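> Assemble the whole structure, with the sequences as input and the hints as a guide.
Chains A and B, in that order, give the protein sequences.
Each residue of the first sequence is one higher than the one before, starting from 1 at the first, in the numbering used here.
Each residue of the second sequence is one higher than the one before, starting from 183 at the first, in the numbering used here.
Incorrect hints may appear among the rest.
On the chain B side, residues computed to face chain A include the following (Cβ under 10 Å) [unchecked claim]:
id, residue
1, K197
2, V204
3, Y208
4, I220
5, K238
These are computed hints drawn from the structure, not numbers from a lab.
In this text, all values refer to a predicted model and were calculated from it rather than measured experimentally.
Don't be surprised by glycine CBs; every beta carbon is placed ideally from N, CA and C.
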Amino acid sequence: MHQSDQELIADLRKGGNQNLAFQKLVGKYQERLYWHIRKIVLDHDDADDILQNTFVKAWKNIGNFREESSLFTWLYRIATNESLTFLNSKKRRSILPINEINDFLIENLEADPYFEGDEIQKNLQMAILQLPEKQRLVFNMKYFDDMKYNEMAEILNTSVGALKASFHHAVKKIEGYFKQLE
Amino acid sequence: MKDLSKIAPKLSKIKKECPFGVPPNYFDDFNAKLQAKIEAEIKPAKHRPVLIRYLKPAIGIAASLAIIFMLVYLPLNKMNVTQTATTDSEYIGFSLENEYIAFLENIDVNTFLSVIENGEEDPVSDEGFLNYLCDNLSDYDIYFESE
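Rendered as structure tokens:
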């Protein structure tokens with residue numbers, strides 16, 4: 001049974017129970033965070049690295065956690081920033097234009113040995129990759145994770161209105177992609 | 183998302199599922215892997231100061247010795263080369279003297295005695311001396327002696 005977030009935070013800040021509390025934190029949130037990261041970077045090994053980095057950052061900075069948001073929102077924000085930093089570092093290292101990074105992600109998708117979806121799922125993922133980075137983020141969080149706009153606003157530091165508009169545009173573009181396939 | 187079927191009918195018909203998979207036991211093993219990573223990050227940070235604490239003075243001493251070596255050895259080395267050149271010429275002189283002594287020792291006793299006995303009463307004429315030199319010394323020996 002998972003401990004409540006308040007109990008976890010209290011244990012993480014104490015000297016004696018830190019390691020055990022951290023393991024419980026990882027066990028509680030690892031899957032949700034992993035899938036969020038995976039949808040952004042697509043590759044399993046990259047997602048694995050980013051997930052580890054996320055938890056290491058959380059371990060190092062738990063003392064700075066001000067409890068203004070929930071523990072999960074805090075972790076989710078770290079994971080999102082780590083994923084975007086990873087993609088930006090790919091852009092910086094690459095001599096290709098920024099648009100080509102989506103091509104890089106598409107190649108990752110096509111070569112992914114752990115992709116288990118059918119043709120329709122693959123087309124949906126291709127459609128999502130056509131979206132600009134932030135729009136893709138919003139779409140994944142709303143469509144797959146069914147996250148509330150308030151929570152998304154806290155994580156992405158964007159207004160609810162902007163997020164609703166972003167999701168609406170994303171949906172229209174994906175629908176247009178499927179119409180083009182016919 | 184209730185009105186998704188109105189704005190995106192094709193999208194609304196697609197089954198909402200995650201198409202990605204993970205290696206077997208990935209999530210079961212993740213915690214242990216993460217703990218190892220955190221420990222690895224902590225350990226080098228602890229050891230680094232100790233290592234630097236020992237290395238710094240050693241590097242300093244090595245650098246000082248290197249500087250001293252460069253300041254002392256190179257000039258000394260130059261001086262030794264010149265000295266060796268002069269001692270070599272002295273050595274040459276010394277070895278020639280030994281050769282003359284050895285030469286004198288090898289001269290026929292009678293010849294040597296006659297030179298000594300007759301030296302005062304009947305000094306050796308220049309011609310006789312020259313003949314003696316030509317018979318017993320090489321041109322090189324004569325030249326070098328006169329030098």
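> Confirm or reject each hint.
Okay, the hints, checked on the actual structure:
no.	hint	in the structure
1	K197	8 Å, holds
2	V204	6 Å, holds
3	Y208	8 Å, holds
4	I220	6 Å, holds
5	K238	28 Å, violated
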